[in-house]
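Trainee: Sequence lines, in order, name chains H and X.
Numbering-wise (my numbering), the first sequence opens with residue 1 and increments by one.
Numbering-wise (my numbering), the second sequence opens with residue 1 and increments by one.
Heads up, some of the hints might be wrong.
Only pairs whose alpha carbons sit at most 16 Å apart, straight line, appear in this in silico EDC-like list of lysine to aspartate or glutamate [as the list claims (entries may be wrong)]:
#, chain 1, residue 1, chain 2, residue 2
1, X, Lys108, H, Asp38
2, X, Lys105, X, Asp38
3, X, Lys105, X, Asp71
4, H, Lys53, H, Glu72
5, H, Lys13, H, Glu98
6, H, Lys71, H, Asp38
7, H, Lys3, H, Asp28
8, H, Lys70, H, Asp51
9, X, Lys108, X, Glu41
10, X, Lys51, H, Glu98
11, X, Lys105, H, Asp38
12, H, Lys3, X, Asp71
Since the hints were made in silico from the structure, they are not lab data.
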Amino acid sequence: DVKVTQSSRYLVKRTGEKVFLECVQDMDHENMFWYRQDPGLGLRLIYFSYDVKMKEKGDIPEGYSVSREKKERFSLILESASTNQTSMYLCAHGGLVEQYFGPGTRLTVT
Amino acid sequence: GQQLNQSPQSMFIQEGEDVSMNCTSSSIFNTWLWYKQDPGEGPVLLIALYKAGELTSNGRLTAQFGITRKDSFLNISASIPSDVGIYFCAGQLPGAGSYQLTFGKGTKLSVIP
Numbered sequence: 001d002v003k004v005t006q007s008s009r010y011l012v013k014r015t016g017e018k019v020f021l022e023c024v025q026d027m028d029h030e031n032m033f034w035y036r037q038d039p040g041l042g043l044r045l046i047y048f049s050y051d052v053k054m055k056e057k058g059d060i061p062e063g064y065s066v067s068r069e070k071k072e073r074f075s076l077i078l079e080s081a082s083t084n085q086t087s088m089y090l091c092a093h094g095g096l097v098e099q100y101f102g103p104g105t106r107l108t109v110t
Numbered sequence: 001g002q003q004l005n006q007s008p009q010s011m012f013i014q015e016g017e018d019v020s021m022n023c024t025s026s027s028i029f030n031t032w033l034w035y036k037q038d039p040g041e042g043p044v045l046l047i048a049l050y051k052a053g054e055l056t057s058n059g060r061l062t063a064q065f066g067i068t069r070k071d072s073f074l075n076i077s078a079s080i081p082s083d084v085g086i087y088f089c090a091g092q093l094p095g096a097g098s099y100q101l102t103f104g105k106g107t108k109l110s111v112i113p
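With the rest of the complex left out, here is chain H (with noise of 0.2 Å):
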C-alpha cells in the first residue's frame, strides 16, 4: 500500500504567520510535489522536488517556499500567511509517470 502523510488535515491560522505544511513518503521516490486546490481552479502546482535539496518553480510558487533535507521528506512554508492562500493543499509523489497523493490539509487563513 502507498502511503504518504501529512502533518495535519485541517489548520487554521492568522495573517501573517509563519506555516509550515510536511509530507512523508514511503515509496523511497525521487519526485515529490507540493499543489493546491481551489473550486473552479483545478489543482495547481506549487513546487516540486526531484531530489534532495532540489526543489523546482511550479505554476504558482509567489508566497511559498520548500524544503527537502531528507528523501522522504517535503514541506512547504508560507512565509507570512495571508488570507487568499486558504485553499486545499495537496503533497504528491512519484517515480517516473504516476504521482500518489495524501490526504491534504485544507488550510483557513483568518
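Use these hints to put chain X onto chain H, whose structure you have.
Mentor: Just chain X now, with coordinates in the frame of chain H:
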C-alpha cells in the same frame, strides 16, 4: 500552460447506469492517468495508460488512451453510490520536465440511489 479539457463538468445519474467522461487536448500526451477524489480527501489513482489505443480495466472502470494521443475516456459500468466523487484526468507531455503532470479540472459525479 497546457490545458486538458475535461467533460462533462458534472453529471447526475441513477444508480445502475453506465457513465462516460472524457478528456481532450490540442497537444499529444505520452501517458494518461485517471484519478478519483472523495470529498475532503486526496485524489486516488484509478488507472494509468501508457500507449495509444490502450484499453485498461479496473473492476467496473474502463479507460482508453485515444489513438491520436490527444484524448482519453473513462467509463464506469453499473454505477453504485460509492462512485460519487470528482474524477480527474491527467497527462504527461513528451519531454515533461521532472515528470510533471497536466490535470483536467474534473468531472463531478453524483449517483441517485
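Trainee: Each hint: holds or not?
Mentor: Status of the hints after comparison with the structure:
1. As the CA atoms of Lys108 (chain X) and Asp38 (chain H) are separated by approximately 14 Å, the hinted pair is consistent with the 16 Å bound.
2. Among the hinted pairs, Lys105 (chain X) with Asp38 (chain X) is consistent with the structure: their alpha-carbon atoms are about 15 Å apart, no more than 16 Å.
3. Pair hint Lys105 (chain X) plus Asp71 (chain X) holds up; C-alpha atoms about 15 Å apart against a cutoff of 16 Å.
4. For the proposed pair Lys53 (chain H) and Glu72 (chain H), the alpha carbon gap of about 12 Å is at most 16 Å, so the pair holds.
5. Restraint check for Lys13 (chain H) and Glu98 (chain H): the C-alpha separation of about 32 Å exceeds 16 Å, so the hint is violated.
6. Between the alpha carbons of Lys71 (chain H) and Asp38 (chain H) the distance comes to roughly 28 Å, so the proposed pair goes past 16 Å and is violated.
7. A C-alpha spacing of about 11 Å is found between Lys3 (chain H) and Asp28 (chain H), which places the hinted pair at or below 16 Å, so the restraint holds.
8. For the proposed pair Lys70 (chain H) and Asp51 (chain H), the alpha carbon gap of about 9 Å is at most 16 Å, so the pair holds.
9. Using a Cα cut-off of 16 Å, the hinted pair Lys108 (chain X) and Glu41 (chain X) holds, with the two alpha carbons roughly 14 Å apart.
10. Our distance criterion of 16 Å between C-alpha atoms is met by Lys51 (chain X) and Glu98 (chain H), whose separation comes to about 14 Å.
11. This hinted pair checks out: Lys105 (chain X) and Asp38 (chain H) have alpha carbons roughly 10 Å apart, not beyond 16 Å.
12. With a C-alpha separation of about 30 Å, the suggested pairing of Lys3 (chain H) with Asp71 (chain X) is violated against the 16 Å cut-off.
The earlier numbered hints that this structure contradicts are 5, 6, 12.
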